[in-house]
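**Student:** Residue strings, one per chain:
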Amino acid sequence: MPTEPLPPDRHRIVPATILGQLRPACSVLVVLAVITGVFYPLGMTLVTRSLFPRESSGSLLRAADGTVIGSLLISQPFTGPGWFHGRPSATGAIPSDPTASGGSNLGPTNAALAGSVAERVAAIRRDEPSYAGAIPVDLVTTSASGLDPHISPRAALLQVPRVAAARGLPVEEVQSLVTARIEPPLLGILGRPRVNVLALNLALDVLAAGGRGDAGGSPLPP
Amino acid sequence: MMTGALLEVAAILMATALAAIAIAPWLVAVFPMEHAPDGGPDGDRRLDRWLEAITRPVLRAAGAWPAKEMTATEYGAALLLFHAAGFVLLLVLLRCQAILPWNPDGLPAVPWLIAINTAASFVTNTNWQSYAGETTLSPWSQALGLTVQNFVSAASGLCVLAVLVRGLVRRDSPTVGSFWRDLVRATVGFLLPLAILLGLLLASQGVVQSFATAIDVPLVDGALAGQKATRRIVTGPVASQVAIKQLGTNGGGYFNANGAHPFENPTPLSNLLEIAAMLVIPVAGCLAFGRWVGDRRQGRALLAAMAVLFLPFLALIVRFETRPNPSFAAEVDQSPSADHEGGPLEGKEVRFGPAASALFAISTTATSCGAVNALHDSFSPLGGLVAMWMMQLGEVVFGGVGTGLAGLIAYTLVAVFVAGLMVGRSPEYLGKKIEAREMKMGMIVLLVPPIVTLLGTAAASVLPAEAAAASNPGPHGFSELLYAFSSAGNNNGSAFGGLSATSPFWTLALAAAMLVSRLLTMLPLVAIGGSLAAKRTVAESPGTLPTHTPLFVLLVAGAVILVGALSFVPALALGPIAEALQPLSIAEGPP
Chain A
1 MPTEPLPPDR
11 HRIVPATILG
21 QLRPACSVLV
31 VLAVITGVFY
41 PLGMTLVTRS
51 LFPRESSGSL
61 LRAADGTVIG
71 SLLISQPFTG
81 PGWFHGRPSA
91 TGAIPSDPTA
101 SGGSNLGPTN
111 AALAGSVAER
121 VAAIRRDEPS
131 YAGAIPVDLV
141 TTSASGLDPH
151 ISPRAALLQV
161 PRVAAARGLP
171 VEEVQSLVTA
181 RIEPPLLGIL
191 GRPRVNVLAL
201 NLALDVLAAG
211 GRGDAGGSPL
221 PP
Chain B
1 MMTGALLEVA
11 AILMATALAA
21 IAIAPWLVAV
31 FPMEHAPDGG
41 PDGDRRLDRW
51 LEAITRPVLR
61 AAGAWPAKEM
71 TATEYGAALL
81 LFHAAGFVLL
91 LVLLRCQAIL
101 PWNPDGLPAV
111 PWLIAINTAA
121 SFVTNTNWQS
131 YAGETTLSPW
141 SQALGLTVQN
151 FVSAASGLCV
161 LAVLVRGLVR
171 RDSPTVGSFW
181 RDLVRATVGF
191 LLPLAILLGL
201 LLASQGVVQS
211 FATAIDVPLV
221 DGALAGQKAT
231 RRIVTGPVAS
241 QVAIKQLGTN
251 GGGYFNANGA
261 HPFENPTPLS
271 NLLEIAAMLV
281 IPVAGCLAFG
291 RWVGDRRQGR
301 ALLAAMAVLF
311 LPFLALIVRF
321 ETRPNPSFAA
331 EVDQSPSADH
341 EGGPLEGKEV
351 RFGPAASALF
361 AISTTATSCG
371 AVNALHDSFS
381 PLGGLVAMWM
391 MQLGEVVFGG
401 VGTGLAGLIA
411 YTLVAVFVAG
421 LMVGRSPEYL
431 GKKIEAREMK
441 MGMIVLLVPP
451 IVTLLGTAAA
461 SVLPAEAAAA
471 SNPGPHGFSE
481 LLYAFSSAGN
491 NNGSAFGGLS
501 ATSPFWTLAL
511 AAAMLVSRLL
521 TMLPLVAIGG
531 SLAAKRTVAE
541 SPGTLPTHTP
551 LFVLLVAGAV
561 ILVGALSFVP
571 ALALGPIAEA
581 LQPLSIAEGP
591 P
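Line order of the protein sequences matches chains A and B. Residue numbers 1 to 222, in my numbering, belong to the letters of the first sequence in order. Residue numbers 1 to 591, in my numbering, belong to the letters of the second sequence in order.
For the record, the hints were derived by calculation from the structure and aren't laboratory data. Quick caveat, the model's predicted, so the values are computed rather than measured. One or more of the hints may lead you astray.
As the list claims (entries may be wrong) - Some chain A residues near chain B, calculated using beta-carbon distances under 7 Å: (1) Leu29; (2) Pro81; (3) Ser145; (4) His150; (5) Ala209.
Even glycine gets a Cβ: it sits at the ideal position worked out from N, Cα and C.
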C-alpha cells in the first residue's frame, strides 16, 4: 500500500500550505536577487578591473594618442590588397558587426552554402593569382560569431606575395612577420595554431613605416 | 594536426574529472544527510558550519529563519511558488527595462511575447533565447534579471536532487528538508563561490566584465567602398554571467553568438574552462551521491551509466565534425595538417577547431546547458543528430545541475522495477521498496519530455506558416523544428539557430514546453522523494539485486537508450537521417 504521509484533512491543509510558502518565495527571491544580481556582478567588475584591467575591458588596442582602434579579440573587415584578409563574416548586412554577432546557420547540405563557398574560392583565386594550392577552408567559410579574429597559419602565408607586392616590401620580411605571429597551441595541446589578423595587419603597418613588427610605438600588447 | 585535437579533447575531459573530484566533498557538505547509514552527519563538519554561517543571515534577511522541515507537498509548493515568483519578477524587469537604471543604450521594453518566452526560459533553467542579447537587453536586465535566474534555477535543480537522496537515506520520515535552506545553501554556499572563481579565471582570458558603454571604433582598413567605416564594440558584465551560465547548465549567452563570441570565450583555455564547468557539477553530483547514500559504488555506477552513454557518442560526433563537407568545392582544403586545422569550419571558430567544437556541442546537449561555441545548425547531418539525441534522452546523460542525476535515478528505479519483475522479486533500490506510487511518478518524469517534444514538433510541422520559420530547405528544415522542441522540451536551450522562432506560436509554444517539462519532471521527483522517505529500510538479502555492478549499469543505460530510441528514431529518420542519406545532387538542387 502507498505509505505517503498525508495530513488527515488534506483539503483544508493544502491551500494553507501553499499560501504559507508565498511570502518566503518572494522574500528569499528578493534577497538572492540582490546577492547574485547586484553584489555579484558589481563585485566581479570591481575586482576584475583591478586584477585584469586590459582583459576585462575588452582587450582594446589604442593608437599612440590613446584613441581606441579596435579589440584584439574582435575581427575587423580587411579588403584592400595591402592587408591580410580574415574570414568571411555573416553578421547580417554589415560584416564583422559586433552588435549583431552570429553566423550563417546554413545547413551542411544547403546549396546556398556550397554556392557561397564556391564564390569565395573564385574571389581568392582572383586576388591571389600566384597561389595555386588548395584554399584553406577557414578562408571560405563564415565563423559562428562572425567576429572570429583568427585565420590558420597557411591562410595567412598564402596572402604574403600579394601583401608584400602591394606594400612594396620584400616577401621574406612579410613572411617572417607572419611566422613570428603564429600562436601555437597552449602547452602544445590546447587550441589550434592560428594568426590574429588585426594584430598581423597592425604589425604590418609598423613594418611598412620602417620599424620592426615588434618595436615600440605599436598598439599591440607585448 | 588531428592527434593534437584528440589530445585536446582528452585533456579537457581529464581536467573536468579532476575538478569534479575536487568539488564533490563540498557538494556533499551542502546537503548533509543527517540520517546517513553510519549515524552522524556526513561530510565535512567545518564546511557545514561555514555553510550554515552564511545561510542563516540570508534566511534571516528574508524572514524565513528558522527554516522548518517540510513535507514533500510543502516542498513542492515552495518550489512551484519560487518558480512563479521568479517568472513574475523577470517579466516585470524585462517589461520595465526602458525606465530602469543602467540602460546606457536606451533600449526599449522587451516586447510581451519575447519577455514571456524569456522569463519561462530562464526560470526553467532552459535559457532558450529568442532575442539577441547585445541589442535587446540592458546590462541591468542581464544582471538583475538573467544572472539571478541562472543561479536560482540551477540551485532549484540541486534541491530536487537533495530531496530524492533524502528519500533514499531517511527512514520513516514525514519530511524531506527545507526548500529555503537548501536553496540558499546551494546558491550562496556552492554556486556563488564557484562562479566567482570561474568568472575571475575567465576574465583573465579576456572575457569582458565592465560597466562601460559601447565604444565606436573606426576601422583600420577604412577604405571599404560603400560601407560603414566604424564598428560598435559592445561590452558589459559578461564574465559574471558566463561563469554561472556554464556552471549552472543554463547556457544563455550575453551575446547572440553565445560561447562562440570572442568576448564570451576568447581563448582555448577559456574554452576548456567553459566545457569543464558544464560537466563538473553533474559529475561531482554522482560522486557525492555515493557518499550521501553511504556506498560510493552506487555513485560510481550512475556515473558509469552516464559515461557509457556519453563517450561513444563523443567519439562519433568528433568523427562526424572533423570529416570534410563533401558539398564544398574540391579545391577547398579541409584536411588537417600542421599549419591548418581544416574540417567543415562553417559556423566554427578557428581558435577552437572542429574537434573541440564537437566536444563543446555534445557537452552542452548532454548536460542541459545549451551554450554553444559553434553553430549546431551548420554541423554535419549526423553530428547534429548526436547533439539532438543527447537532449532527447531526457537530459539524464549528465543533464542539468541536480535534475540530470535525479532524472537518471528515476530511470534507475524503472530499471530496478523491470529487473525485479523479470526475476520475480519485489523491487528495491538502496533498501527502499519501489512500489506503484514511485513507478507512476517515475513514468511521468520519463514520458513528459518526449510527449512535449513530439507534440510540439508535430504541431509546428502541420502549421505551414509556423513550419516556414525554418530557414534551411528539405529535411534539414524539419531538423530545425525538431531540434527547437527537443531543446525546449528537455530544458536545454541550444538551437539550430536558423529557425526564426519569434512568431506568437513559436514563442508561446516553446514557453509552454519549457514550463510543462520542467515542472512536470521536478514535482514528481519531489513526490518520489517524499514517498521514499516515509518508508522503512529493507535489510539487504541474497535476493537483493545489486545496483553497482557493470550489468546493472548496462541495464540503466539500456533503459535510457530504449526510451530515447523508441520515442525519437521515427522523427530523427525524417530529419538528420534523411539529410545524411540524400544524394548530394538532390541537396544541391537543379542548377
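**Student:** Would you mind marking each hint as holding or not holding in the structure?
**Tutor:** Going down the list of hints, with the structure as the test:
A cut of 7 Å between beta carbons decides the hint on A/Leu29: the least distance to chain B is about 5 Å, and the hint holds. The closest approach between the C-beta of A/Pro81 and any C-beta of chain B is roughly 10 Å, which is over the 7 Å cut-off, so the hint fails. A distance limit of 7 Å between C-beta atoms decides the matter here; for A/Ser145 the minimum to chain B is near 4 Å, and the interface restraint holds. Because the smallest distance between the Cβ of A/His150 and any Cβ of chain B comes to about 4 Å, under 7 Å, the interface hint for this residue holds.
With its C-beta approaching chain B no nearer than about 14 Å, A/Ala209 sits outside the 7 Å limit, and its interface hint is violated.
Going through the hint list in order, the structure does not satisfy hints 2 and 5.
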